[in-house]
Amino acid sequence: MFTVPRQSTHNPSHDGHRREGLSCAALAVALLVIATPGCSRHSDGPLPELRSIAASDLKSMLGQAQSPLTLVHVWASWCPPCREEFPTVLRFREDYAKRGLTLILVSADSPAQKGAVARFLAANGASFPSYIVANPDETFVNTLSTNWSGAIPASFFFGPGGELRTWWEGKTAYEKYRETAETQLKQETKGR
Amino acid sequence: MKTYKLWASTVGTILLAVLVSRAQPLGLGAAMPAADTKMNNVDGKTLTLADLKGKTGTLVIFVCNHCPFVKAWQDRMVQIANEGVKQDIAAVFVNSNDPTAIPEDDVAHMKQLAKDKGYAFPYVVDDGSAVARAFGATRTPEAFLFNADGKLVYHGTIDDSTYDAAKVTKPYLKSAVEALLAGKAVADAETKSVGCSIKFHAQPEK
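Chains as they are written, first to last, in the working numbering: chain A, 320 to 511; chain B, 856 to 1061.
Next up, chain B with everything else stripped away, as it sits in the complex:
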């Protein structure tokens, strides 16, 4: 009985480890993953990250509608993305959350948000969360900035003051975009902050 219990617990632990394991986050210099995955934009069109790729670079931010961290950074993120778009840095916000887990993260709310906040860039549905998995993204908001060659030059959070824009001392993402535009290396290229966990869609059966 004891042996059985031990065996069951070992198998259980291994199973659990397999179930919870996920891709490591993308390393600096890595090529843009899932570039050919088709995603639906809030304008009704379908696009891939490869279609979108900007002349100077590409900014991908995993976001959603409901998350208070995303809400806190919303205006700052939109400002950076809209500015980037003007300077040939393509931008896209990606929602990988399963709306059956969080109803507010559905397409209707995405459309409304993109309109209300004046997104000058696509806001796409990562149906099945395949793109988030390929990026190794875990939270919202989580930003990935690629250079003109599609190599990762920045991965991380927006800045160092989630709840108070007036107290930002390190505007990480803005500085990364500026460095990319100036042809310089990004100083703080990997940063973190507390964020909402991505509410992944269940993995499709293989």
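Just chain A, with the same shape it has in the complex:
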């Protein structure tokens, strides 16, 4: 069975209304890392865990990755193509998690925008923990790919141990994500 919460990819605007849960105050106490400013406004469910991440943390996280395939997706809550592509990325996670895909969402929003990021994640049903980059500088860009210009959205696929397999920048259709996973997961099975 799915361990990933189901979410409608066709009507993401409804997703935020689905879960009832902890009150904002309780959540803020339970999860100290979460952006509490978001809680002062209305929110329909618990906000997902959102941690600040430095380039060095991301690097060691990828180095320790054991999943057959890890997708690091860099986005921002205000970025129009990122917002448009977001349901596709979540659908992709939903479809491939059981085959060994791990999705690491990294927002490049300003740390001051943590509340907006958490609300956007919640509204789209991305209830799993995700990240906000501490400083979207050159070190961060090069941690993902030295060939990346830094334009967002961008997606980076890593094999176990953080080996970069393929990547792209720009809003991308589900079909390309699907093809990439099929190719990469097939290679991974053969290699074992």
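It is worth saying that the hints were derived from the structure and are not from the lab.
Where a beta carbon is used, it is the ideal one built from N, C-alpha and C, also for glycine.
Treat each hint with caution, since some may be false.
Stated by the list, open to error - Here are the simulated DMTMM-like cross-link-like pairs (lysine to aspartate or glutamate), alpha carbons at most 25 Å apart as the crow flies:
1. Lys893/B with Asp906/B
2. Lys490/A with Asp982/B
3. Lys1025/B with Asp376/A
4. Lys926/B with Asp961/B
5. Lys1054/B with Asp891/B
6. Lys495/A with Asp376/A
7. Lys966/B with Asp982/B
8. Lys378/A with Asp1015/B
9. Lys378/A with Asp1019/B
10. Lys972/B with Asp982/B
11. Lys900/B with Asp1015/B
12. Lys1022/B with Glu494/A
13. Lys941/B with Glu1033/B
14. Lys893/B with Asp953/B
15. Lys378/A with Asp1043/B
16. Lys378/A with Glu482/A
17. Lys908/B with Asp1043/B
18. Lys490/A with Glu959/B
19. Lys490/A with Asp961/B
20. Lys490/A with Asp906/B
21. Lys972/B with Asp1004/B
22. Lys908/B with Asp1019/B
23. Lys1054/B with Glu403/A
24. Lys972/B with Glu1033/B
25. Lys926/B with Glu403/A
26. Lys378/A with Glu938/B
27. Lys1025/B with Glu938/B
28. Lys1039/B with Glu938/B
29. Lys1054/B with Glu494/A
30. Lys908/B with Glu1045/B
31. Lys495/A with Asp414/A
To be verified - Simulated DEER-style distance windows between Cβ atoms:
32. Gly480/A with Lys893/B: 51 to 61 Å
33. Ala905/B with Lys417/A: 31 to 41 Å
34. Lys893/B with Arg370/A: 44 to 54 Å
35. Ala905/B with Gln385/A: 53 to 63 Å
36. Arg484/A with Lys893/B: 37 to 47 Å
37. Ala1040/B with Glu501/A: 43 to 53 Å
To be verified - A few chain B positions that, by computed beta-carbon distances, are all more than 12 Å from chain A:
38. Thr892
39. Ala956
40. Ser1052
Starting from the known structure of chain A, arrange chain B on it as the hints suggest.
Below, chain B alone, put in the same frame as chain A:
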């Protein structure tokens, strides 16, 4: 059927590769591209990069109005550009975004921004995004600094602390301008950071 599928997918992949391919970013030492492309300034006049060329150098920064990265660096960029202008480094901010994609990136907002932030230099419309394509620019903000001979001496981001000016340890662009003024080589001549993707105008049909 299988053969057809394979063929279709191969053709599709090639087509996609052609569609998404773009010019490589300008290399160090390259001559200023698209120098004769006419662009409209917020003051209503038309100018080219060749018209603008400064005695000591020329600073071209691809920006736009809406992008939070541009907003975060706005004051720092304007300060560098305004200082440069005082010292014979011509500066220009170029907006290559298609305002039909992002309404805030239209000329009216450009005029307001240039006024509010005190631009002592032109803020021009790259209608059709031809200049951005010629530079191989992909994001905003993205800076290109040329020397007196119109050769590229710096390409990259503004500094190493997008959201917190107080935490800048490497003021890349400022240092590049200072090096150019001092007649020295630029130390970190190619840098990067996360930025907004340029919302290119559709390519004109050939």
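Query raised in the report: Taken at face value, is the distance from the CA of Asp1015/B to the CA of Lys900/B at most 25 Å?
Result: violated (35 Å)
Query raised in the report: Is the nearest Cβ of chain A still more than 12 Å from the Cβ of Ala956/B?
Result: violated (7 Å)
Requested in this report: With a cut-off of 25 Å on the C-alpha distance, tell me whether Lys378/A and Glu482/A pass.
Outcome: With Cα atoms ~11 Å apart, Lys378/A and Glu482/A stay inside 25 Å; holds.
Query raised in the report: Straight-line Cα separation of Lys908/B and Asp1019/B no greater than 25 Å?
Result: Distance of about 32 Å is beyond 25 Å: violated.
Query - Holds or violated: Lys490/A to Asp906/B, with C-alpha atoms at most 25 Å apart - result: Violated. Lys490/A to Asp906/B sits at ~36 Å, over the 25 Å cutoff.
Report task. Note whether the CB distance of Ala905/B and Lys417/A lies within 31 to 41 Å or breaks it. Result -> Given a distance of about 59 Å, which is not inside 31 to 41 Å, the answer is violated.
Query raised in the report: Does Lys1025/B pair with Glu938/B here, judged by a C-alpha cut-off of 25 Å?
Result: The hint holds at about 18 Å.
**Report entry** Hint consistency between Lys893/B and Asp953/B [alpha-carbon to alpha-carbon, up to 25 Å]
**Finding:** holds (17 Å)
Requested in this report: Can you let me know if the beta-carbon spacing of Arg484/A and Lys893/B is within 37 to 47 Å?
Outcome: 44 Å Cβ-Cβ, so the 37 to 47 Å window holds.
Query raised in the report: Between Lys1025/B and Asp376/A, is the straight-line Cα distance small enough, at 25 Å or below?
Result: holds (21 Å)
**Report entry** Restraint status (C-alpha distance of Lys1054/B to Asp891/B at most 25 Å)
**Finding:** holds (22 Å)
Query - Hint consistency between Lys378/A and Glu938/B [alpha-carbon to alpha-carbon, up to 25 Å] - result: Violated - the C-alpha atoms of Glu938/B and Lys378/A are around 38 Å apart, more than 25 Å.
Of the hints listed earlier, those the structure fails to meet are numbers 6, 11, 12, 20, 21, 22, 26, 33, 39, 40, in rising order.
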